[in-house]
Amino acid sequence: MTEKTFMAGFGGQGIISLGQLWVYCGMKEGLEVTFFPFYGAEKRGGIARASVIVSTEEIASPLVTAPDSAVVMNMDSLPLCEAILKEGGTLLVNSSLVKVDTKRTDARVIKVPCNEIAERLGDVKFANMVMMGALSKATGAVKLDKLEAVLKTFFSESKHKFIPMNMRAIEEGAKAVS
Amino acid sequence: MADEKRLMKGNEAMGEAAVRAGCDAYFGYPITPQNELTAYMAKHMLDHKRVFIQAESEVSAINMVYGAAATGARSMTSSSSPGISLKQEGISYACGADVPIVVINVARSGPGLGGISPAQGDYFQSTRGGGHGDYFHIVLAPKSVQEAADLTFEAFDLADEWRMPAMVLADGMIGQMMEGVVLPQPKDPATRVAKPWASGNRPAGRPVNHVDSTHLVPEEFEQANIARYKRYDEMKKTLVRYEEQHVEDADLILAAYGTSARVCLGAMQMARKLGLKVGLFRPITLWPFPEKRLGELAGKRFLTVEMSMGQMVEDVRLHTRGKSEVSFYGRCGGMIPTEEDVLAEIRRILKK
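These protein sequence lines map, in sequence, to chains F and R.
Under the working numbering, the first residue of the first sequence is numbered 1, with each subsequent residue one higher.
Under the working numbering, the first residue of the second sequence is numbered 1, with each subsequent residue one higher.
Hints should not be assumed to be uniformly reliable.
[Stated by the list, open to error] In silico DMTMM-like pairs for lysine to aspartate or glutamate, Cα to Cα no more than 20 Å straight-line:
1) F/Lys-86 - R/Glu-340
2) F/Lys-159 - F/Glu-119
3) R/Lys-5 - F/Glu-148
4) R/Lys-237 - R/Asp-160
5) R/Lys-5 - F/Glu-57
6) R/Lys-195 - R/Asp-24
7) R/Lys-273 - F/Asp-68
8) R/Lys-43 - F/Glu-157
9) F/Lys-86 - R/Asp-341
10) R/Lys-273 - F/Glu-87
11) R/Lys-323 - R/Asp-249
12) R/Lys-187 - R/Asp-160
13) F/Lys-146 - R/Glu-4
14) R/Lys-5 - F/Glu-58
15) R/Lys-5 - F/Glu-32
16) R/Lys-5 - F/Asp-145
17) F/Lys-175 - F/Asp-145
18) R/Lys-230 - R/Glu-220
19) F/Lys-152 - R/Asp-3
20) F/Lys-152 - R/Glu-4
21) R/Lys-273 - F/Glu-58
Note that these hints are calculated values from the structure, not bench results.
Here chain F stands alone, though its shape is the one from the complex (with noise of 0.2 Å):
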């Protein structure tokens, strides 16, 4: 099993966490992973943008030029992501931004309303987290199973108290899986 996901949003919306969550929880399930950025001269804003691979196997190139699954958290990444994802692979689409559909019909097409999710949660910041629970449902490339202790370690003391509030938008995401 070779997962390639190419993620793009703009700079904040959490996809260079949530691209690290994603291989982490990978690795912590005994898969081989890369994960590479894009990386800008900006310290804050901008584009994000990810290159996500998780496999049974040794992993070649770490650039993913034609990614199983595609998660696109803005508008602006639509139009890249329609480009390069492979023929009928996974786009998973942040309906609560991206208001258009996409042109690729070969797609299997997963809405998922991330930002609504997160704010009916408490907080538009775990909207990332919304995703990371569509994908893993929409893959089952990484379970996410060994999520909760990954959170431990990923965040700082101070910070565990959001984890269970993490927890619940990962299972939110994966219901907004159909």
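Here the structure of chain F is known, so what remains is to put chain R in place on it, guided by the hints.
What follows is chain R alone, placed relative to chain F:
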């Protein structure tokens, strides 16, 4: 007991590997895309009661490394392409004075200030002695975060053993990406190579050591250089490292190092699925270069893939001695070749 597998950025893994190798002193100056390495050392060297200095410039940093190493300390610096250019004078001095230092280059695109994206345009500079004078130094090229950590750790031992700079030539992809890594166990200081040549505080009555690259008597200097080149010959016999896959039955061998080799591995797997006999040859030591092995493979067809306009391809041509047809595919300016690009090139060459 081995460490648990950790998820780390290449830059941080190289930093931690250096700490574990017993790096006594780190001197650096910030530059993207290696900043996390300097930041890691800033955070962790003082905890270990070691030296960390952010110098006022790259030139200053490399001379601090040279000075600290002359006293026998394990010392290192890291930078990225334009910064490494600035350090070349110091590296030449370290080579001339036979001083072991460790230099990490998380290369970016050039020439000039260039860009901050990954590139492999520093191959010539690294493998041909980037400063003035007759010299070479060790160049190690990792393909993954794991190898970046392992080779950084080992670079300290190799530098000490051969009394010369050891460079780890990574790139922005290796530095910036995260992968699982099992870090090497900390080096026992008792197992370090002795440095009776080092200068500094000597017990009373013992002769004073001078560590210097100055030689004003041509007859003596020539002999010193000849002795150094004998050491180089010895290294070519014992230090060379490479990885190869499916070269024996290959109609076409992909030759690539570092990030490009990862891309080529993917292209090779895709080609094999199509029934094309493609192999992969990946030098791990760029200096000493695996010239003998390439000589044995001479006659096979090669495709060299680099993130440059073509540098290592010259070594592949040189050491296959005109017996191989050697093609080149490269991207530059911070562009990374894709597996699909390389596969298309393979099909074009094999006409399949």
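To see whether the hints hold, each was checked on the structure:
{"no.": "1", "hint": "F/Lys-86 - R/Glu-340", "in the structure": "holds, 12 Å"}
{"no.": "2", "hint": "F/Lys-159 - F/Glu-119", "in the structure": "holds, 19 Å"}
{"no.": "3", "hint": "R/Lys-5 - F/Glu-148", "in the structure": "holds, 18 Å"}
{"no.": "4", "hint": "R/Lys-237 - R/Asp-160", "in the structure": "holds, 18 Å"}
{"no.": "5", "hint": "R/Lys-5 - F/Glu-57", "in the structure": "holds, 16 Å"}
{"no.": "6", "hint": "R/Lys-195 - R/Asp-24", "in the structure": "holds, 14 Å"}
{"no.": "7", "hint": "R/Lys-273 - F/Asp-68", "in the structure": "holds, 19 Å"}
{"no.": "8", "hint": "R/Lys-43 - F/Glu-157", "in the structure": "holds, 19 Å"}
{"no.": "9", "hint": "F/Lys-86 - R/Asp-341", "in the structure": "holds, 16 Å"}
{"no.": "10", "hint": "R/Lys-273 - F/Glu-87", "in the structure": "holds, 18 Å"}
{"no.": "11", "hint": "R/Lys-323 - R/Asp-249", "in the structure": "holds, 17 Å"}
{"no.": "12", "hint": "R/Lys-187 - R/Asp-160", "in the structure": "holds, 13 Å"}
{"no.": "13", "hint": "F/Lys-146 - R/Glu-4", "in the structure": "holds, 16 Å"}
{"no.": "14", "hint": "R/Lys-5 - F/Glu-58", "in the structure": "holds, 15 Å"}
{"no.": "15", "hint": "R/Lys-5 - F/Glu-32", "in the structure": "holds, 11 Å"}
{"no.": "16", "hint": "R/Lys-5 - F/Asp-145", "in the structure": "holds, 18 Å"}
{"no.": "17", "hint": "F/Lys-175 - F/Asp-145", "in the structure": "holds, 15 Å"}
{"no.": "18", "hint": "R/Lys-230 - R/Glu-220", "in the structure": "holds, 15 Å"}
{"no.": "19", "hint": "F/Lys-152 - R/Asp-3", "in the structure": "holds, 19 Å"}
{"no.": "20", "hint": "F/Lys-152 - R/Glu-4", "in the structure": "holds, 16 Å"}
{"no.": "21", "hint": "R/Lys-273 - F/Glu-58", "in the structure": "holds, 16 Å"}
Against the hints set out earlier in the document, no violation occurs for any number.
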